[in-house]
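Build out the structure end to end from the sequences listed, making use of the hints.
Those sequence lines, one after another, are chains A and B. Residue numbers for the first sequence follow numbering that gives the first Met the number 0, beginning at 0 and rising by one. Residue numbers for the second sequence follow numbering that gives the first Met the number 0, beginning at 0 and rising by one.
None of these hints come from the bench; they were simulated from the model. Built from N, CA and C at the ideal position, the CB exists for glycine as well. Careful: at least some of the hints might be erroneous.
Unchecked claim - Taking CB as the label site, the calculated pair distances span:
(1) V298(A) with K349(B): 49 to 57 Å
(2) V50(B) with Y276(A): 50 to 58 Å
(3) G400(B) with V463(A): 39 to 47 Å
(4) M0(A) with F4(B): 30 to 38 Å
(5) S290(B) with T413(A): 50 to 58 Å
(6) Y438(B) with M0(A): 46 to 54 Å
(7) A185(B) with M0(A): 57 to 65 Å
Said to hold, decoys possible - Okay, derived cross-link-like pairs now, DSS-like style, lysine-lysine, Cα gap no bigger than 27 Å in a straight line:
(8) K361(B) with K162(A)
(9) K105(A) with K304(A)
(10) K105(A) with K162(A)
(11) K361(B) with K346(B)
(12) K108(A) with K361(B)
(13) K108(A) with K346(B)
(14) K346(B) with K105(A)
(15) K162(A) with K354(B)
(16) K266(B) with K346(B)
(17) K26(A) with K354(B)
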Amino acid sequence: MGALLATLFLPLAGAIALLFYDREMGKGIRYSALAFSLLTFVCSIFVWLGFDASNPGLQFVIQQTWIPQFDAGFRIGLDGMSLLIVMLTTFIMPISILASFNSIHKRQKEYYIMMLLLQFGMTGVFVALDTFLFYVFWEVILIPMYFLIGIWGGQQRIYAAVKFFLYTMVGSLLMLIAIIWLGMYAQELTGSFTTNLLILRDIGPQIPAETQHWMFLAFALSFCIKVPLFPLHTWLPDAHVQAPTAGSVILAGVLLKMGTYGLIRFNLELFPQASEYFAPLLCTLAVVGIIYGALVAMVQTDIKKLVAYSSVSHLGFIVLGIFSMTPEGIQGAIIQMINHGLSTGALFLCVGMLYERRHTREMSEYGGIMRIMPVFGVFFAIAMFASVGLPGLNGFVGEYLTLLGAFRSPFLNTWVYAIVGATGVIFAAVYLLIMFQRVMYGTNDNPKNQALHDLTANEWFQLVPVTIFMIWIGIHPPTFMKYSEQSTRALVGKVESATRGTTAFTKELEQRTTNDRAHLHPEPAMVEQH
Amino acid sequence: MWNEFYAALPLFLISASAIGAMLLDAFIKDSRRAILLFSTLALGVVAVASVLVFQHEGTGFAGMIKTGGYPSFFDILFALGGIMTMLSAHPYLERNNFEFDEFYTMVLFAVSGMMLIAHANNLLVVFIGIEVMSISFYVLAGYLRTSILSIEAALKYFLLGAFATGFLLYGMALIYGATGSLGFPAISAAVSSGTVEFPTLLLIGIGLLIIGLGFKAAVFPFHVWAPDVYQGSPTVVTAFMSTAGKAAAFSAFLPLISILMPANAPKIQMLLAVIAAASMLVGNISAVVQSNIKRMLAYSSVAHAGYIMMGLVANSERGLSGTMYYLATYLFMQVGAFVVVSVLETKAGKNLEIKDYIGLSKTHPLFAALMAVFMFSLAGIPPFAGFFGKYYLFTAAIEAGYTWLTLVGVLSSVISVYFYIGLVVAMYFQDPEEGVEKYEAKAGLAGLTLIVATAGVFIIGLLPVIISNITDSLRLVAQSF
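What follows is the structure in structure tokens.
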């Protein structure tokens, strides 16, 4: 309990503490922010240690009524999926703060306050067990992110910040209506209005199909904008390119995961029948996004934009995995959320390091960097290969499982999604390898590139932890996947019993899975660890 | 007998102190500070008295006024609005060399009018209250009498206001004709028992009443006066008019709609819903293109009146609570925003364009931060109070089956975000051009107002129960003791 509360509120306490710092104390502010985020990470490790992986239910649940008139409450708790994403958040934050040390020079005090507020909001989103509280956290994030892009961003920052804000608002306000609607429905059934997710998750599947469709769409729109799912992705390249490095890392690493997290937590769990109905549509969009993002990434000349579009492609895999509604698919989606956070985060860090040195992101300005910055090159290569999905690194595990899920999903009932989606992996190899070749290899005939220095101590501290986890997940995914396994199974079981009316089907699927594994997949990437 | 007097104590206190302030002027030489102090303290006493008599729910004086509960809530709101206005008016008027005693006296009179409206249990009392409040507003709007804009504002407000009063009075007359009574309980009884002799007359009367009150609350299509009047009036007066004045209009609206609704519920609800939807859309869309910050806030206040009307449409317990909550919230955030504007305004009435706010976060970081908080609150972003107000009203509207109205509300909120954060963009993201005249704005006593406003936006945003626990138990039509 205490550990979870500390994980949630320490960043807020840090932000408030920073308010009282003198704005001239740049160094003190920076290191205090780092200390707060590291301390939060330590707290989250205690949450991790206290978490019982064999329990599919919610753990560390705290319930306090906040507004009795609406039965809105401060209700928080974790299941396996939220645990992993909260860990990702607390892990990425110190690294992002470290990455800001050399790149943020103006208004440092405000910057680090915004960073810590952002962390508070993000953690809140992942632990909230109350739709009202969830909405509050969801919106709270807007303000710091808006300032991060708008004040510390690039040339077109104002356009990007406003676009980001408006896009998110459109989606989230419709979600607000759906949240109220859901409460009203609970009022009809139980006699009292509520936003308590623990009650709503039982009520959700009872909603008639017609209504459920509308509610599903209202929630999904908000989440799909955040993901972002094609064709709602247009805010992302702008926001990514204009945001400062740390902003991009957080955006790719954690913020986008709010969308996919929401799809699992709310759409799948509350509206299973509607999920079944809309799964083909969302999977189609996901596959289109995979291909489209990859193709657009291929023609970019700006490295950061390339990585941004690669996010659109990678997030497509996650959505595909989620709406395959199979244990493999969802497990793959969850681990892919972590992977994408790590590998794309690392890519953004690397791009940021190049940018710090040369103040350009045009690929044509680079070339032959490998010879000048060999150590940097190694880390960059690992991040790049992880993003490509090379076996042995983390990206492979997630992509493989999501595709597997889509392949054998009884809800989609066709192989087309998996097959078309799989081509996205090939495209990813194409654009990332081309980018890497252009930047790192070739002749180094640009005189401005001659005198670049290799990694500084600060940069080592940013890249080493990320790389360790990328390799760790790649080699031994069960370390992490076992945490979300039980809750994923429970979720899939719930979806199936709601849509098929029986769990016999689940058993059949499990049987099939076991058989297949015995025949085809003797490798460790599989989820089941009995 | 004494019970009656005690329960109506806030009303007596405010009237007595308004008259007292006027007389004080005659007896004390150079009485500005004294009257400021006296008026502020008087309003404080009124607020305390309202808290004390809160439990004495009932009617008094032959059923003409109601006391305790519902009116007490508004008394506190109006007194708070008055105090915030006076504190911020002092530095503002001093800077403009226009600080005279009458200002504070007129604010007191306006507050007494508003309180009378909230206390009314009879159509005539509503009318008297509205007149007392309006006439004070006409004077206050034209208070900077050397400024052409201020005079224009006063004249426009007066002419249109007088016209609207005509509608109001005619509506009351028709309702009297239809139901045979001016007292709320009797009207309510007649309407809900279905014994109205001339239903058409009643319906027309209600329509005219909605026009008259809609004008005071500045809802579409009776809002056209608002931008000019809000822009021309002294900024602190605008803050007062657009919040407490609006709250006063709604304090009459709420009980009247709830007693008149039963006979023609679908028609009235639809009419109010259309007005609400149009106000939200027109207000917010018009605000997007404004370059003057006072005009922008004026149009946005039309939209906020639209949001508040959603509570009237719902006409339920939740709608009532939501409306009252929103009015309280709106008082804090809108007064806060206008007071920041008034502090930054230079002597010649300059520095009111949005482009003048470019780079404010560097020149006046504190004011910029406060303005940003008020803007986010007005835009309805949690955890600020404005968000919860909207949530309350949206819930009420959906509960009443008006989901489409909520959708309009949501859409117009998105539009409103554009101009609210547009101001934040100017303050924080844009760099000022070189060679812009530097000046140092000082808050003085207005700082107190800003503290109260900011605290309000945060506290009732994070702990909405403070207000909703009070409003939940209130009854609109009081029975006698």
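Within 46 to 54 Å or not, the Cβ separation of Y438(B) and M0(A)? 53 Å Cβ-Cβ, so the 46 to 54 Å window holds.
For a C-alpha distance cap of 27 Å, please report whether K105(A) and K162(A) respect it. Within the cut-off at roughly 23 Å; holds.
Holds or violated: 30 to 38 Å for the Cβ distance of M0(A) and F4(B)? Since the Cβ atoms of M0(A) and F4(B) sit about 55 Å apart, the hinted range of 30 to 38 Å is violated.
Per the hint of 50 to 58 Å, is the separation of the Cβ atoms of V50(B) and Y276(A) within bounds? 55 Å, holds
Is K26(A) close enough to K354(B), meaning Cα to Cα at most 27 Å? 34 Å, violated
Pair hint K108(A) and K361(B), alpha-carbon separation not exceeding 27 Å: Measuring from Cα to Cα gives roughly 13 Å; hence the hint holds.
For a C-alpha distance cap of 27 Å, please report whether K361(B) and K346(B) respect it. Distance of about 22 Å is within 27 Å: holds.
Taken at face value, is the distance from the CA of K162(A) to the CA of K361(B) at most 27 Å? It holds: about 24 Å lies between the C-alpha atoms, which stays within 27 Å.
How does the Cβ-Cβ distance of G400(B) and V463(A) compare with 39 to 47 Å: does it lie in that range? Cβ of G400(B) to Cβ of V463(A): about 59 Å, so the range 39 to 47 Å is violated.
Sort out whether K105(A) lies within 27 Å of K346(B), counting only the CA atoms. 33 Å, violated
Checking one constraint from the list: CA of K105(A) to CA of K304(A), max 27 Å. Satisfied? Given that 27 Å is the threshold and the Cα spacing comes to 24 Å, the pair holds.
Proposed proximity, K346(B) with K108(A) (alpha carbon, max 27 Å): Distance ~33 Å between K108(A) and K346(B) Cα, so the pair is violated.
In summary, the structure is inconsistent with hints 3, 4, 13, 14, 16, 17 from the numbered list given earlier, while agreeing with the others.
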